[in-house]
Amino acid sequence: MQVKLLAAALGTLAFVFGISTTLAAQRSAADGARALEGGWVRLDTTGSGSFGGLTANFARAVLTPEGAAKLKPQRDPDDVEPDNRPHKAGEPYIVTQGRCGGFGPGGVEPNSAALFIIPSRDEVLLTREGPGARHIYTDGREHPPLSRIAAGLGHSTATWDNGDLVIDTIGLPEGGVTAGGWRTPETHLTERYHVEDDGMHMRLTFTWTDPKIYAKPHSYSFQFERVPADGYAFENWCDSGDPLQRQSVVPPEQLP
Amino acid sequence: MKTGILVVTVVAAFTAVAAAQTPNARDISGYWELTYMDGQHVPRAQLVPRVTRAVLDAQAQKDFKAVRWCNIVGMPAIMASPRPLDIRQGEKTIAIAAEINAATRYLYLNRTTHISKDIFDPTTNGDSIAKWEGDTLVVDTIGFDPNKGVTAIPGGGFRTANTHLVERYRLLNNGSLLSVRFTWTDPGVFRAPHTYEFRYARLARDYEARLPLNCDPFDETRTAFLTARP
Chain A
1 MQVKLLAAAL GTLAFVFGIS TTLAAQRSAA DGARALEGGW VRLDTTGSGS FGGLTANFAR
61 AVLTPEGAAK LKPQRDPDDV EPDNRPHKAG EPYIVTQGRC GGFGPGGVEP NSAALFIIPS
121 RDEVLLTREG PGARHIYTDG REHPPLSRIA AGLGHSTATW DNGDLVIDTI GLPEGGVTAG
181 GWRTPETHLT ERYHVEDDGM HMRLTFTWTD PKIYAKPHSY SFQFERVPAD GYAFENWCDS
241 GDPLQRQSVV PPEQLP
Chain B
1 MKTGILVVTV VAAFTAVAAA QTPNARDISG YWELTYMDGQ HVPRAQLVPR VTRAVLDAQA
61 QKDFKAVRWC NIVGMPAIMA SPRPLDIRQG EKTIAIAAEI NAATRYLYLN RTTHISKDIF
121 DPTTNGDSIA KWEGDTLVVD TIGFDPNKGV TAIPGGGFRT ANTHLVERYR LLNNGSLLSV
181 RFTWTDPGVF RAPHTYEFRY ARLARDYEAR LPLNCDPFDE TRTAFLTARP
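As they're listed, the protein sequences go chains A and B.
Each residue of the first sequence is one higher than the one before, starting from 1 at the first, in this note's numbering.
Each residue of the second sequence is one higher than the one before, starting from 1 at the first, in this note's numbering.
Take these hints with a grain of salt, some might be off.
To be verified - From the structure, some residues in chain A lie toward chain B, with a derived Cβ separation under 8 Å:
1. Arg-34
2. Gly-38
3. Ala-89
4. Glu-91
5. Tyr-93
6. Val-95
7. Gln-97
8. Arg-99
9. Pro-119
10. Ser-120
11. Asp-122
12. Leu-125
13. Arg-141
14. Glu-142
15. Ser-240
To be verified - Simulated pairs of lysine to any residue, SDA-like, Cα-Cα distance not exceeding 25 Å:
16. B:Lys-62 <-> B:Pro-217
17. B:Lys-65 <-> A:Gly-241
18. B:Lys-92 <-> A:Asp-230
19. B:Lys-148 <-> A:Asp-31
20. B:Lys-92 <-> B:Arg-170
21. B:Lys-62 <-> A:Ala-35
22. B:Lys-131 <-> A:Cys-238
23. B:Lys-65 <-> B:Asp-216
24. B:Lys-65 <-> A:Val-95
25. B:Lys-92 <-> A:Asp-139
26. B:Lys-131 <-> A:Gly-241
27. B:Lys-62 <-> A:Asp-31
28. B:Lys-92 <-> A:Thr-159
29. B:Lys-117 <-> A:Cys-238
30. B:Lys-62 <-> A:Gln-245
31. B:Lys-131 <-> A:Val-95
None of these hints come from the bench; they were simulated from the model.
Just so you know, even glycine gets a beta-carbon here, dropped at the ideal spot from N, CA and C.
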């Protein structure tokens, strides 16, 4: 009887200890979540001063012959035929159809808008400053078959690795990738979000893997700075009914 | 004695497990869907005399233009989304993402004051600060743009630059329902604070967000539908 009682007590303690161990493992994820939560702004670490310049120095993708054959020029479907006539400073000209309302997941590659990361128990929400969001499932679920992934959205799951958020995505629509890459729905994208020890900077590393397209994984990183504690998300406004929405303008000459 | 120790140990263990599985009354993360028919309790708003039929018609025209051109709708339309809302609660921020053409809402838990009007450009969602009072999340919002998005408020009236909104979020039925009580105050629109309640059902944990509903401002069939008399 005493042996049975002792065994039961030990079993119960082992059970409780198991829960404690699990909670301890979750603390690491909790620390990562705590560090990652908030707004982040992409940095131009090379001082390129332009959108294209930031990624110009990234190592180019090494493609397989099959991958190279897939490459084709990409154009924003909202763009109009390029107006290549010279324009005077201050002269507006039409560059897009001004179409608002194609609310996708907000894209997977960062742009100049701030990125906001809100981790919760089952999901990490990645948002920007307009409609659409990326929903990253952290509850251990698997990717569904590609045939069940909605076109344009992709499917993302994630784990926490020593406080880093590591996202795996498939099912993205076919198209171009930074630094000469290409993707199809079968291509795996791995994103690693690593907050530096200072808590104010973050490195986001993209790795594209697809043996049909890449001779070796295609990888590059962006640096981010944390939005200040009293900062807030802007709201991106788009009005297709506003003719100015369609225009660009040659900037006037800048004073020295 | 030994039996007593065993009982205490077992009770402690199962209490720990139960605590881990019980919904946290102060965490509203999840996918929430406005329940059909019985999810909205909206009395008629009492409007001030200056809000005449002509004023309401003019505001409705603005709202129509926002819909016609696929503008982001903002508050309060986002909270009446026909698709589920994804609400995610962090330590400093709560985000509300919709599957419609609405910018994500951010409710700041780490601020107790609003951004200065000298700095904050009014938006369709406004500036929202939030705090917990017991098991109720109280969200205070100002800074609305009176000319952008869909401004109509359920029950009557519309948001302006002077509108103040207080929302009270509370989990019901062991976390399966989310109650949100909205109270709108605006001396230029409402004779008395206008309060109504929405209730949202929690969706299954395996629910997966869908692409937001597409809105094409240049779709001629859509435009004809919106502009023609039925």
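Verification of the supplied hints:
1. At about 6 Å, the closest approach between the beta carbon of Arg-34 of chain A and any beta carbon in chain B falls short of 8 Å, and the interface hint on this residue holds.
2. Interface restraint check: Gly-38 of chain A against chain B, minimum CB-CB distance 6 Å, threshold 8 Å, status holds.
3. Taking 8 Å as the C-beta cut-off, the interface hint given for Ala-89 of chain A is violated, the closest approach to chain B being about 27 Å.
4. Given the 8 Å rule on beta carbons, the hint for Glu-91 of chain A is violated: about 25 Å separates it from the nearest Cβ of chain B.
5. Because the smallest distance between the Cβ of Tyr-93 of chain A and any Cβ of chain B comes to about 20 Å, over 8 Å, the interface hint for this residue is violated.
6. Taking 8 Å as the C-beta contact cut-off toward chain B, the hint placing Val-95 of chain A at the interface is violated, the least distance being around 16 Å.
7. Checking Gln-97 of chain A against chain B: minimum C-beta separation of about 7 Å stays under 8 Å; hint holds.
8. Annotation: interface hint on Arg-99 of chain A holds; nearest CB of chain B at approximately 6 Å, less than 8 Å.
9. The criterion of a C-beta within 8 Å of any C-beta in chain B is met by Pro-119 of chain A, whose closest approach is roughly 6 Å, and the hint holds.
10. A cut of 8 Å between beta carbons decides the hint on Ser-120 of chain A: the least distance to chain B is about 4 Å, and the hint holds.
11. Here the hint on Asp-122 of chain A is kept, as its CB sits about 6 Å from the closest CB of chain B, short of 8 Å.
12. Annotation: interface hint on Leu-125 of chain A holds; nearest CB of chain B at approximately 4 Å, less than 8 Å.
13. Against a cut-off of 8 Å between C-beta atoms, the interface hint on Arg-141 of chain A holds, since the closest Cβ of chain B lies about 7 Å away.
14. Because the smallest distance between the Cβ of Glu-142 of chain A and any Cβ of chain B comes to about 11 Å, over 8 Å, the interface hint for this residue is violated.
15. Given hint, Ser-240 of chain A at the interface with chain B, holds; its Cβ is 4 Å from that chain's nearest Cβ, closer than 8 Å.
16. Distance hint between Lys-62 of chain B and Pro-217 of chain B is fulfilled; the C-alpha atoms sit about 16 Å from each other, no more than 25 Å.
17. For a cut-off of 25 Å, the pair hint linking Lys-65 of chain B to Gly-241 of chain A stands: about 8 Å separates their Cα positions.
18. A hinted pair counts as satisfied when its Cα atoms are at most 25 Å apart, and Lys-92 of chain B with Asp-230 of chain A qualifies at roughly 11 Å.
19. Distance check on the hinted pair: Lys-148 of chain B and Asp-31 of chain A sit about 39 Å apart at the alpha-carbon level, beyond 25 Å; violated.
20. A threshold of 25 Å between alpha carbons decides the hint, and for Lys-92 of chain B with Arg-170 of chain B the separation of about 18 Å falls inside it, so the pair holds.
21. Between Lys-62 of chain B and Ala-35 of chain A the alpha-carbon distance is near 42 Å, which puts this suggested pair outside the 25 Å criterion.
22. For the hint pairing Lys-131 of chain B with Cys-238 of chain A, the CA-to-CA distance comes to about 31 Å; that exceeds 25 Å, so the pair is violated.
23. Proximity of Lys-65 of chain B to Asp-216 of chain B is assessed by CA-CA distance (about 14 Å); at most 25 Å being required, the pair is judged to hold.
24. For a cut-off of 25 Å, the pair hint linking Lys-65 of chain B to Val-95 of chain A stands: about 23 Å separates their Cα positions.
25. Taken as a hint, the Lys-92 of chain B and Asp-139 of chain A pair is honoured in the structure, with Cα atoms around 21 Å apart against an allowance of 25 Å.
26. At most 25 Å may separate the alpha-carbon atoms for a hinted pair to count; Lys-131 of chain B and Gly-241 of chain A exceed this at roughly 38 Å.
27. Taking the CA atoms of Lys-62 of chain B and Asp-31 of chain A, the gap is near 46 Å; set against the 25 Å cutoff, the hint is violated.
28. Restraint check for Lys-92 of chain B and Thr-159 of chain A: satisfied, since their Cα atoms lie roughly 21 Å apart, inside the 25 Å limit.
29. Between Lys-117 of chain B and Cys-238 of chain A the CA atoms are separated by roughly 22 Å; this keeps the pair inside 25 Å, and the hint holds.
30. Restraint check: the Cα-Cα separation between Lys-62 of chain B and Gln-245 of chain A comes to about 18 Å, which is no more than 25 Å; the hinted pair holds.
31. A hinted pair counts as satisfied when its Cα atoms are at most 25 Å apart, and Lys-131 of chain B with Val-95 of chain A does not qualify at roughly 45 Å.
Violated hints for the displayed structure, listed by number in ascending order: 3, 4, 5, 6, 14, 19, 21, 22, 26, 27, 31.
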